[in-house]
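Below are the chains, spelled out letter by letter.
Number of protein chains: 2
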Amino acid sequence: MLSADLIAREALALIDAEGADVFSLPRLAARLGVKTASLYNHLDGRAEVIEGVRRLVVEEMDVSAFDTLPWPDALAAWARSYRDAFARHPHSIDLLATTTISSPATLSMYEAVVTALARGGWPQERLVTALTSVESFLLGSALDLVAPPLMIDPAGHAPRVPVLAAALGSAVGGDKAGRADEAFAAGLDALIRGLVAQLAEFRGE
Amino acid sequence: MLSADLIAREALALIDAEGADVFSLPRLAARLGVKTASLYNHLDGRAEVIEGVRRLVVEEMDVSAFDTLPWPDALAAWARSYRDAFARHPHSIDLLATTTISSPATLSMYEAVVTALARGGWPQERLVTALTSVESFLLGSALDLVAPPLMIDPAGHAPRVPVLAAALGSAVGGDKAGRADEAFAAGLDALIRGLVAQLAEFRGE
Chain A
1 MLSADLIARE
11 ALALIDAEGA
21 DVFSLPRLAA
31 RLGVKTASLY
41 NHLDGRAEVI
51 EGVRRLVVEE
61 MDVSAFDTLP
71 WPDALAAWAR
81 SYRDAFARHP
91 HSIDLLATTT
101 ISSPATLSMY
111 EAVVTALARG
121 GWPQERLVTA
131 LTSVESFLLG
141 SALDLVAPPL
151 MIDPAGHAPR
161 VPVLAAALGS
171 AVGGDKAGRA
181 DEAFAAGLDA
191 LIRGLVAQLA
201 EFRGE
Chain B
1 MLSADLIARE
11 ALALIDAEGA
21 DVFSLPRLAA
31 RLGVKTASLY
41 NHLDGRAEVI
51 EGVRRLVVEE
61 MDVSAFDTLP
71 WPDALAAWAR
81 SYRDAFARHP
91 HSIDLLATTT
101 ISSPATLSMY
111 EAVVTALARG
121 GWPQERLVTA
131 LTSVESFLLG
141 SALDLVAPPL
151 MIDPAGHAPR
161 VPVLAAALGS
171 AVGGDKAGRA
181 DEAFAAGLDA
191 LIRGLVAQLA
201 EFRGE
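Top line first, the protein sequences correspond to chains A and B. 87 is the number that UniProt numbering gives to position 87 of the first sequence; each next residue is one higher, with no gaps. 130 is the number that UniProt numbering gives to position 130 of the second sequence; each next residue is one higher, with no gaps.
Hints were generated in silico from the structure; no laboratory data involved. Any given hint could be a false lead.
Copies of the same chain look alike in the list, so a pair counts if it works inside one copy or between any two.
Said to hold, decoys possible - In silico SDA-like cross-links for lysine to any residue, where the CA-CA straight-line distance does not exceed 25 Å:
1) K176 to L95
2) K176 to A37
3) K176 to E125
4) K35 to V163
5) K176 to H157
6) K176 to T100
7) K176 to L199
8) K176 to T99
9) K176 to E48
10) K176 to T115
11) K176 to A47
12) K176 to S38
13) K176 to F202
14) K176 to A155
15) K176 to S103
16) K176 to A118
17) K176 to S108
18) K176 to S3
19) K35 to S3
Quantities reported herein were computed from a predicted structural model and do not represent experimental measurements.
My request is simple: use the sequences and hints to build the entire structure.
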């Protein structure tokens with residue numbers, strides 16, 4: 001039985017399998033074995049399908065730490081679950097990073113984040129700035145998950161870039177996946193340390 | 001007269017005008033008024049065109065500060081020029097974020113960054129981690145430049161997400177572009193403060 005939820009699940013499965021570039025309502029309808037026009041009995045159009053896909057990915061992100069941990073630790077826990085969710089659905093990143101967010105599930109996630117930041121002492125007018133700066137790092141890190149195994153390849157040019165070549169050869173983490181994990185953990189740690197320092201300044205501490 | 005450089009310039013102009021999704025060698029050839037096969041007289045294929053596009057965007061990024069400023073200030077100056085370059089070519093972000101980097105111009109830019117970090121005291125095995133964490137933030141911030149004017153839109157759901165709605169209404173920066181600028185500046189400041197703190201720990205200071 002066709003429903004908005006089933007359509008969203010199949011849309012995510014299609015994007016996971018074939019990438020966001022080829023995603024279209026006609027392809028989705030073909031996958032569901034229905035005519036494209038039938039989709040419109042259940043939703044208003046492409047934007048609503050994308051919001052449904054976003055809801056499914058967002059449901060895999062975990063805001064529960066905001067109820068129990070201080071905001072810097074909770075922010076780190078949420079950030080790790082955010083990256084893990086996109087790691088399971090890497091092709092959805094481009095699509096979701098550049099479309100307007102309006103679904104209740106996604107808005108509720110952001111509400112949990114900014115409420116915890118406000119409770120931690122962040123001024124109201126700085127909440128969106130702090131949230132956006134963290135999310136920029138998360139989206140960029142998620143993009144790293146869809147990058148090729150060797151993102152920077154000096155190859156024959158290594159003698160001309162000796163510091164870079166040596167750094168790549170000795171980098172903590174080992175292979176691309178390990179290096180990406182290290183860069184994510186280190187960047188998140190640095191960003192949150194910096195946010196703690198900024199908040200102390202805002203509060204005149 | 002067709003050349004690899006002219007092909008790269010027209011490829012970037014095509015991506016700027018129509019987006020990366022529709023970029024293809026046949027479309028590029030049509031734009032240049034030649035047959036697709038003619039392109040192969042000047043380059044090996046699509047990957048080489050993309051590296052040419054990357055070189056043009058990278059040439060707009062400025063590493064000169066690494067010669068004169070302490071690494072945290074130079075990193076911030078380079079980061080701002082990096083974002084400015086992608087702001088001028090927003091459609092190139094997806095394409096460049098997920099393809100292997102091998103052109104001498106781009107490798108030279110990274111060599112300048114990691115050389116300055118190493119001179120600043122960063123351990124060799126941490127250089128790639130530090131570079132990647134900053135670049136993740138830069139790419140995510142660049143994605144924000146192609147996001148819709150109102151990325152988060154509570155609309156009719158505002159009563160259910162009151163903290164978020166109030167935060168959006170009072171955010172520093174004002175409109176979407178202003179808020180994006182604020183988030184970039186604040187996130188970059190936080191990230192670099194955190195990196196300075198991490199380096200001090202690595203060095204046992």
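Checked hints:
Taking the closest pair of Cα atoms, K176 and L95 come within 25 Å of each other both inside a single copy (24 Å) and across two copies (19 Å). Proximity of K176 and A37 under a CA criterion of 25 Å is satisfied in neither setting, with 44 Å inside one chain copy and 35 Å between copies. In this assembly of identical chains, K176 and E125 lie within 25 Å of each other by CA distance solely across copies; the values are 14 Å between and 38 Å within a copy. Proximity of K35 and V163 under a CA criterion of 25 Å is satisfied in neither setting, with 57 Å inside one chain copy and 42 Å between copies.
When the C-alpha separation of K176 and H157 is checked against a cutoff of 25 Å, the pair qualifies only within one copy, where the shortest distance is 20 Å, while the shortest distance between copies is 41 Å. In the homo-oligomer, the alpha carbons of K176 and T100 lie at most 25 Å apart only across protomers (12 Å), although the nearest pairing inside one protomer, at 31 Å, exceeds that limit. Within a single copy, K176 and L199 get their C-alpha atoms only as close as 34 Å, which misses the 25 Å cut-off; across copies the closest is 23 Å, which meets it. Taking the shortest alpha-carbon separations for K176 and T99, only the inter-copy value of 14 Å comes in at or below 25 Å, while the best intra-copy value is 29 Å.
Taking the shortest alpha-carbon separations for K176 and E48, only the inter-copy value of 22 Å comes in at or below 25 Å, while the best intra-copy value is 35 Å. For the homomeric pair K176 and T115, the shortest alpha-carbon distance between copies (21 Å) is at most 25 Å, but the shortest distance inside one copy (36 Å) is not. Taking the shortest alpha-carbon separations for K176 and A47, only the inter-copy value of 20 Å comes in at or below 25 Å, while the best intra-copy value is 34 Å. Taking CA atoms no more than 25 Å apart as the test, K176 paired with S38 passes in neither setting, with 43 Å inside one copy and 36 Å between copies.
For the identical chains of this complex, K176 and F202 are inter-copy neighbours only, at 23 Å across copies versus 38 Å inside a copy, given an alpha-carbon limit of 25 Å. Taking the closest pair of Cα atoms, K176 and A155 come within 25 Å of each other only inside a single copy of the chain (16 Å); across copies the shortest separation is 41 Å, beyond that limit. For the identical chains of this complex, K176 and S103 are inter-copy neighbours only, at 19 Å across copies versus 34 Å inside a copy, given an alpha-carbon limit of 25 Å. In the homo-oligomer, the alpha carbons of K176 and A118 lie at most 25 Å apart only across protomers (21 Å), although the nearest pairing inside one protomer, at 37 Å, exceeds that limit.
When the C-alpha separation of K176 and S108 is checked against a cutoff of 25 Å, the pair qualifies only between copies, where the shortest distance is 21 Å, while the shortest distance within a copy is 34 Å. Taking CA atoms no more than 25 Å apart as the test, K176 paired with S3 passes in neither setting, with 40 Å inside one copy and 34 Å between copies. Taking the shortest alpha-carbon separations for K35 and S3, only the intra-copy value of 14 Å comes in at or below 25 Å, while the best inter-copy value is 47 Å.
When held up to the earlier numbered hints, the structure conflicts with 2, 4, 12, 18 and fits the remainder.
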